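Sequence lines, in order, name chains A and B. Heads up: the first sequence begins at 1 in our numbering, then just goes up one per residue. Heads up: the second sequence begins at 1 in our numbering, then just goes up one per residue.
Treat the hints loosely; a few may be bogus.
[Said to hold, decoys possible] With a cut-off of at most 25 Å between alpha-carbon atoms, the simulated SDA-like pairs for lysine to any residue come out as follows: (1) A:Lys-735 to B:Gly-46; (2) A:Lys-748 to B:Thr-118; (3) A:Lys-469 to B:Gly-151; (4) A:Lys-451 to B:Asp-139; (5) A:Lys-457 to B:Phe-119; (6) A:Lys-452 to B:Thr-120; (7) A:Lys-748 to B:Lys-88; (8) A:Lys-455 to B:Leu-79; (9) A:Lys-817 to B:Thr-120; (10) A:Lys-747 to B:Leu-77; (11) A:Lys-821 to B:Gly-151; (12) A:Lys-747 to B:Asp-139; (13) A:Lys-746 to B:Gln-89; (14) A:Lys-469 to B:Phe-16; (15) A:Lys-748 to B:Leu-77; (16) A:Lys-455 to B:Ile-127; (17) A:Lys-451 to A:Ile-432; (18) B:Lys-122 to A:Phe-749; (19) A:Lys-451 to B:Ile-127; (20) A:Lys-813 to B:Ile-127; (21) A:Lys-24 to B:Phe-16; (22) A:Lys-457 to B:Gly-151; (23) A:Lys-821 to B:Phe-16; (24) A:Lys-820 to B:Glu-81; (25) B:Lys-122 to A:Phe-458; (26) B:Lys-88 to A:Lys-452.
By construction, these hints were calculated from the structure, which means they are not laboratory data. Keep in mind it's a predicted model, so treat the numbers as computed, not measured.
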Amino acid sequence: MKEKVYNFKTIFKFSLRIVSREWKKFILPFLSLTFTTLIVFTVLLFTNSSSMFLEDKNKELIGGDISIESNYELDDKSLGDILGQDIKVIDKSSQYDFSGILTKGDLNTPVSLSVVDNSYPVYGGLSIEGSTYVTPKEDEIYIDKNAQTKLDVSVGEDIIYANKNYKVIGIIEKDSKSLLSGFNFLPQVLISKEGFNRASIDKSLLRAEYTYTYIIEDTSKDNLTKIIDREEMRGVSVDIAGISEPGFVEGLSLVEQFLVLAVLLSCILAAVNIYAGMLYLLTIMRKSFAVLLAIGFEKKKLGLTLSLSLFYILILSTLLGGGLSLIIFNFIREYIFLNFDLELPLVDLLIPTILTLFVVFSISFASFIPSLRSLMRLNPKILLSGGQEPKEKNVFGNFIIITLSTLIPLVLIAIFLLESFLYGLISIFAIIAIYVLLAVLFYYLILTLYKKRSKFKFLTRTLISYKYKDGLFGIVSLTSLYVALTSLSLLILLQSTLTTFIQKDLGERLPTVYIVDIQKSQTESIKENFKDVTLFPNVGARILFIDDRDIQKGIALADGSVSREFGREYNLTYREDLLPNEKVVKGKWLSGEVNEVSVEKEFAERADIVMGSRVVFSIQGFEVEATVTSIRESDSRSGLPFFYFVFNPKDLEKYPATFFGYNYLDGLEKNNFTKFLAQNFPNISIIDTAEITKFAEGLIGGLLVIIFVISIPPLVLALFLIVTLIISSFEGRRKQSAQMMALGAKKKFIERLYYLETISTTLFSGVLGYLTAILGTLFIARYYFKIESTSLYNVELLIALGAIILFVVILAKVLWKSDKKPLRELLSYEER
Amino acid sequence: MDKNTIIEIKNLKKEFNDNDTPLVIFEDTSLQIKDGEKVAIVGASGSGKSTLLSLLAGLDRPTEGEIHVKNRMINTLSLDELSEYRNKQVSIIFQSFELVSPFNSFENISAPLDIRGTFTAKDIEDITNTLLQEVGLKDRAHSFPSTLSGGERQRVAIARALASNADIILADEPTGSLDGKTGGRVLDLLLREVDKRGKTLIIITHDMNIAEKMDRIIELKDKNLHEIKHERKSV
């Protein structure tokens, strides 16, 4: 016992002495750890806060944690079956939507009526002009601005629905759910269930959409994903906040996915950064450790002493990094609020703190052990007086062990962040595979160059020999630099891809005005006056047969053989060309043959429609048989019209159709357009998307700010890693440079050698990193974000990479110039 | 300066400013060394022997005084001129060998020739192979310093010092890191090669047995150099 206490005292004393006496050598690892803690903690705080913000927006758009939509009313048992026993409901609300006519005096307008219960809305999203929403009484009604204009009615006045009077108690300003599934073309009104009962209408006669929204206790992904499997069986649509991606919600979930990637990349950079810091520390401390071994310090005790010294540094750096991170988080949060009107929520510090400590401590430990082991293999005599060093055995074996042990914490983090064991494992192992591949590539490249070095000039030959002899340290340094530059490039490319997608695809494609209820006879005049307006015919039809399946009979039997989804009326359309948001994925676009039909891909999958399938429709009592000649993918996120069935014009033109259209107009143009329609075609309804667009733009602005803020810390971390590696490399070369100068090499030669090494490795890693990032972006955009358009050529990134090389040159120059140590001191024969 | 004098030190002073307290190593020191002489510099630890050698090698500059080598004052030379001086006029053998670790034995020996840049590849190969043969390391030409024993490393260092064919060889405790037997062999090799080539040798040592094998023994004591009369022992 006494001996143990004595041992501990010795270890404690020496560890304190090492840190206090050799503190200069700990500066870089200390800064590295502080900086890593700061970045990881800041990124986690921002991602948590942003996720909460996005989750809120997501729920606002969906209306709850879960939203179940159906074409028919679902009883409690069916809803319970869909949700499952394991989902605990905190709050729920049900509503049904259908179209009807409202009148006031001589004025009338078709409207979309929402009948809601007392719990509606379970989650925010509904704002009323000048007041707050309360459930309407049985004789009260809320209407939107569009209905208000059509009926020329004010708050407090009465309007009539189904021969009953309802008092207008408020004007709906914004219903965020309107962004969820395309746009509702009819004016919107809202009444309570009691109010609907008062109208004494038989609900079964209405073609209504039923929506059931829930707030649930456990919103973990695993819990919610189970519902997806159950809903497919019943022909209902279930939207789940954070999982489903209907309409605009996809934009939000993309940003959340980006945040996860940003955290992962930060952790990878953190790992490499800590590793580089540890390697640097152990390299420059070699001789001090050897002295301790030489004076009889046991290896085990030395290991513990060093671990304890590192522990002090870790504690100090995590405290400092964590504190600074909180200050920065609050400062940026305030800045975003003041400048972008975006209030990121405050977060619970527990999880980010635990995660940060886990990342920093576990990676420090994992990267410290292999370096320490390799140091312990050396004999003090070798370190002190330069005896015969044991040959570095099994370089690749050691490399793999170091890589794996450093990355184990990353695998755990990835599993945690991606909420999937498999994805976590795959993503990190994919990174390891690339990392190891590059290491092997680099090793063989250097080996080949080394074998042929006699063909090069002395300068290049010296550089090749340096790189060859660097062995494992050289490989780790280069691959670390590569990881830093790849992460940096990947993040910028993903940020650019996402920004372009959000701005262009989600933002710019959203039309500024919709027009509905256009008669065929009015289309020519509209097109003549406004060439840019895009019009679409709507031909109402029901599906009778899909191949040999009798759809209507199947629905009447109600045996579950045919989903009730297929029993409703569909809008068929006809045109000659594909829309910008469409792409044929199977077959050929309409060629002009008789009765060809192009079917939307997801609908085709749900209805078991394949290429060559025969679909029979009923249009105004006439049977129309069509053959499926193409399957189309259609991007419903853009706010552009979305049709399941598209025909050749000549096949449907003979049937009665109404038209609707959209246009991109601003200010005066929009006024002229509205004026023209009001004067010439008063039956046509104009829907101004300004309110919705304002909300969408606000959201887009917020998303872009989040992406930008989250991207910065990993980029800074990458730069810091580059600095660490350059300083390590500089330290490592000082002695060799001094030896060369003692042999007569001029300073210019050493300087050129130093720059050549620094720039060539940065350039090599930069080019490879950029190429890898391009592949990574293609893969992530296609399979993770599920977006087609990728931004692979990025001027900002090229400028950034150029700036990094310039930065590296400047840093190298500064280090070079600041090294005033006389040659005599650099040579160990006279270390003062 | 006498025409046979190869090195002349005049009124040399060297001081270090450690923590603002000046530490004078030597002052007003003078010395002349003739071409082809073998001189031992002896003295107690910390007396400044290695500092004197570093001044002669152009690795450091004196605080005051002059150092003339082959009629040229070296303490006013630029850094590049000093590099050239180290490459052509003097060769240094360090106690801790100072072999360039990424270079193998062949490359370490040929490095001064590569740096000079006036030799053809064939010349470099011939000179280096001859030296490797002479120091008995023909079969260790491709070995790296880390795989050589201390004695082998010092033999490479001696070969490297001879490669540049400089007139002056400065050796700082060349056997200090070796055991007695190996040290004796290395010293014999060094003296044999120096004699064969007629080079001037200045050796730093604290071992009087080694010093007595030189033509002259100079002791660094009380911040000055004092010649010790002796009979040269045969090698």
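Do the hints match the structure? See the list:
Proximity of A:Lys-735 to B:Gly-46 is assessed by CA-CA distance (about 23 Å); at most 25 Å being required, the pair is judged to hold. This hinted pair checks out: A:Lys-748 and B:Thr-118 have alpha carbons roughly 17 Å apart, not beyond 25 Å. Of the supplied pair hints, the one linking A:Lys-469 and B:Gly-151 holds, its CA atoms being roughly 22 Å apart against a limit of 25 Å. For the proposed pair A:Lys-451 and B:Asp-139, the alpha carbon gap of about 19 Å is at most 25 Å, so the pair holds.
Restraint check for A:Lys-457 and B:Phe-119: satisfied, since their Cα atoms lie roughly 13 Å apart, inside the 25 Å limit. Between A:Lys-452 and B:Thr-120 the alpha-carbon distance is near 18 Å, which keeps this suggested pair within the 25 Å criterion. A threshold of 25 Å between alpha carbons decides the hint, and for A:Lys-748 with B:Lys-88 the separation of about 18 Å falls inside it, so the pair holds. Between A:Lys-455 and B:Leu-79, the direct Cα distance comes to roughly 30 Å. Violation of the 25 Å bound is thereby established for this hinted pair.
Taken as a hint, the A:Lys-817 and B:Thr-120 pair is broken in the structure, with Cα atoms around 34 Å apart against an allowance of 25 Å. With a C-alpha separation of about 14 Å, the suggested pairing of A:Lys-747 with B:Leu-77 holds against the 25 Å cut-off. Our distance criterion of 25 Å between C-alpha atoms is broken by A:Lys-821 and B:Gly-151, whose separation comes to about 30 Å. In summary, the hint linking A:Lys-747 to B:Asp-139 is not supported, as the alpha carbons are separated by about 33 Å, beyond the 25 Å threshold.
Between A:Lys-746 and B:Gln-89, the direct Cα distance comes to roughly 15 Å. Compliance with the 25 Å bound is thereby established for this hinted pair. Proposed proximity of A:Lys-469 and B:Phe-16 is contradicted: the alpha carbons are some 36 Å apart, above 25 Å. With a C-alpha separation of about 16 Å, the suggested pairing of A:Lys-748 with B:Leu-77 holds against the 25 Å cut-off. Only pairs whose Cα atoms come within 25 Å are accepted, and A:Lys-455 paired with B:Ile-127 is accepted, the gap being roughly 19 Å.
Between the alpha carbons of A:Lys-451 and A:Ile-432 the distance comes to roughly 28 Å, so the proposed pair goes past 25 Å and is violated. Of the pairs offered as hints, the one joining B:Lys-122 and A:Phe-749 holds, with about 23 Å between alpha carbons and a cut-off of 25 Å not exceeded. With a C-alpha separation of about 22 Å, the suggested pairing of A:Lys-451 with B:Ile-127 holds against the 25 Å cut-off. Between A:Lys-813 and B:Ile-127 the alpha-carbon distance is near 37 Å, which puts this suggested pair outside the 25 Å criterion.
For the suggested pair A:Lys-24 and B:Phe-16, the alpha carbons sit about 22 Å apart, so the restraint of at most 25 Å is met. For the suggested pair A:Lys-457 and B:Gly-151, the alpha carbons sit about 31 Å apart, so the restraint of at most 25 Å is broken. Annotation: proposed proximity of A:Lys-821 to B:Phe-16 holds, straight-line Cα distance about 13 Å (limit 25 Å). Of the pairs offered as hints, the one joining A:Lys-820 and B:Glu-81 holds, with about 18 Å between alpha carbons and a cut-off of 25 Å not exceeded.
For the proposed pair B:Lys-122 and A:Phe-458, the alpha carbon gap of about 14 Å is at most 25 Å, so the pair holds. Only pairs whose Cα atoms come within 25 Å are accepted, and B:Lys-88 paired with A:Lys-452 is rejected, the gap being roughly 29 Å.
The earlier numbered hints that this structure contradicts are 8, 9, 11, 12, 14, 17, 20, 22, 26.
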